[in-house]
Amino acid sequence: MSREYVFAEIEKKWQKYWEKNKTFKTPEDKNIPKDKRFYCLDMFPYPSGAGLHVGHPEGYTATDIICRYLRMKGYNVLHPMGFDSFGLPAENYAIKTGTHPSEATHANIDNFRRQIKSLGFSYDWDREISTCEPDYYKWTQWIFLQLFKGGLAYEANIPINWCNSCKTGIANEEVNNGRCDRCGEPVVKKDMRQWMLRITAYADRLLDDLEPLDWPESIKHLQRNWIGRSEGAEVDFTVKGTDDSVKVFTTRPDTLFGATYMVLAPEHPLVEKITPPNTKKAVDDYIARSRMKSDLERTDLNKDKTGVFTGAYAVNPVNGKEIPIWISDYVLISYGTGAIMAVPAHDQRDFEFATKFGIDIIQVVSADGKLFDKLECAYESDGIAVNSGEFNGLTTPEFKKSITEWLEKKGIGKLAVNYKLRDWVFSRQRFWGEPIPLIHCEKCGTVAVLESELPLILPQVKTYQPTGTGESPLAAIDDWVNVKCPECGGPGKRETNTMPQWAGSCWYYLRYLDPANEKEFASRDKQDYWMPVDLYVGGAEHAVLHLLYSRFWHKFLFDQGFVATAEPFMKLRNQGIILGEDGQKMSKSRGNVINPDDIIAMFGADSMRLYEMFMGPLDVMKPWSTNGLKGVYKFLEKIWRLYTQFPLSEAAPPDELVRLTHKTIKKVQHDLDSLNNFNTAISQMMILVNELTKMDEQYTGILSVLARLIAPFAPHFGEEIWEIMGNAPSISNAEWPKYDEALVIDDSYVMVVQVNGKLRESIEIPRGTPVEQMKETALSSSKIIKWTENSQIVKVIAVQDKLVNIVIK
RNA sequence: GCCCAGGUGGUGAAACUGGUAGACACGCUGGACUCAAAAUCCAGUGGUAGUGAUAUCAUGCGGGUUCGAUUCCCGCCCUGGGCACCA
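Be aware that the first sequence starts at 0, since it is given in numbering that gives the first Met the number 0, and climbs by one per residue.
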């Protein structure tokens, strides 16, 4: 009867039970209607050598609670887990120790799986996947081939972001303030043959389709900014004395009359052609100098503008004026056309440049129709056109519209849209990734490996050391590299670059649906059963990397008819970061890292889960507190005593207790539905438990409800008390308790009486008391009389079932 | 610089569509039990004044709207995140 709460035994017992009985195996039961199927996805982890971090269980616990809750409500819930197992850390470890990355990765996965299982999550482990396994990456390669065949994968020789420390090219999305996202080293530009994915072809749809998604606004905002759509016009400027013309992109075609010079990016192809011999040396010097600069140096805002005059002039198409053409690295080759018309009066950057080099500044927009005496800085707002010939007097939006039409009519310009988003640099010069399944043939060009030959297995190498020359370690394996061309049978060479870590995670949610399928990445039948993902939970750090990339792949698969929805993830939630006990980011160097294994050993998985949910709302950043953890542990012990140390009664519980129980069901349910406020759900259960503790006996009915409410949060604990009550396992098959709305609302309430907005009295009265009667009751209270007797009552405000406020003078 | 999110006790936090600020915990203080400790239970716990009922101040700062503002509006300060010469 009065057993102890021995969490270690209980947790082991029920984990074994779930595993043996395959409690969470999820078949595609066709009898369950579509709206009762729920696909709940966690961002799968990269299995690092350091093991699970307390941040991982936070999101995983939240989704697990939702899944268990929904199952009790009769849903068929898909909740899978797997591993994002290609990536640099394992490869770097291999370089250091000589162990094959696959060996280290498998050991790490085993450790991660053990840790994840020790938290009692209700995953269907039969669906586990791992991106570095050939039967998985076969399909990553297959999707790449579809992209290649669809013209969305292309080879380019362009200057890309190169990290000298990781010895590989990286994508724009992986550069942070000019530094490598992974190691923090400055990124340099390097000309290199690259495989690119044409994500820009989807820019508009990636932008537009964000709108209806139930995602955090901040994440949508981040993606919108990253895509960076801007509308404007393209205008051609002829180069004086030649047939050449320079195309520019501008969002302010209304300032064309104020264009007093042009700037080409140093890398612009026309520079060489238009530069006359007398300025050639200065121009070449400048180009050489800017090529030397790192990204960090080129984008440093505080630095002075630099540039040189090419010696050539362009003709402004609106007024025939000749304007000098300069080159400067404040113009980027990768955005727009790599050339701009400069309007110093209305663009701060141009203003600084023109001031430094003594170029004319002509005002063409005015706030009030008047001209400036002297400009201190550029006037960038909208206004009324001045100095603009026949267009004078137009407002900025009117001018934009009419000048664009005018340009179009003359055939020298048109409406244009530009994006900040660039194509995705997709090749890595490293070993531990999916080999890109292409063959270079002298006769046939680049040819796809036959689909029947997939997976193209990552071969064994002698050394994992990156060459640093832009060749991956694979390039050294002659008998792997040299193959017959699948088309002509002649000599060919394999592509030796590998795919980035993001490739495998672009589509993993699809593989969970049908992980053993050898014919397709996932059968259409299973997709139709589950897709799209109903709820996706993970860290906000993937806002523009994984989440943008996978949306892109999904849209491509949709266009090819391989998936049925345009978007993969309907609802997204982010978990907040868990800080160390000192309020600082957890890190090895600070020594404030909390290891889940230690916590589970000391307090059990259920306490760990419950505490992480009790800390605060899911989406906020919050510091760890071991004392707080002890608090929830005591809470579990308190509940335990209710089930083991009290006489049990079958009688009807007191009315107040019944009402509190119904309120608790409602509150917990409401907070779970919010997908965020798990903390207040737990608070409410604590309130109920505190009341129950005061009783001399416990009531079966209430304990049965409480067990079912706590079970999703503390599942092993829930199973055990359920069994103690004499029920057959598993509680995860029990029905979620229902509440009666009539019992949630009290018959009476405490009416607040304020005098001039300040609380002076509170009186308990029946719910529904009419407003007039409320006023009467309030005014006749002796305390209130004391407050009001020597004053004049100006007004009495009453809000039914809430309060009365008496305004006095 | 620009764009988001957020500033509430000693700490984590709560407060439905404007209506009792601080629920629930942690910590702390005192008490009960105990030879003692742990555990458990009980009481107290925003600041200030007072023996006390009580009064008064208080949700980053300064204004405003309102009978009434943590909540709405304007300006500023601070913290976290994102972007950063994107024409």
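Certain hints may be false.
Below 27 Å or equal to it, Euclidean Cα-Cα: the simulated DSSO-like pairs (lysine-lysine) are [what the hints assert, rightly or not]:
#	residue 1	residue 2
1	K304	K188
2	K355	K239
3	K665	K148
4	K665	K637
5	K35	K11
6	K72	K525
Simulated from the structure, these hints should not be mistaken for laboratory data.
In this text, all values refer to a predicted model and were calculated from it rather than measured experimentally.
* Asked: Which of the numbered hints above does this structure break?
  -> Hint check: 3, 5 fail, others pass.
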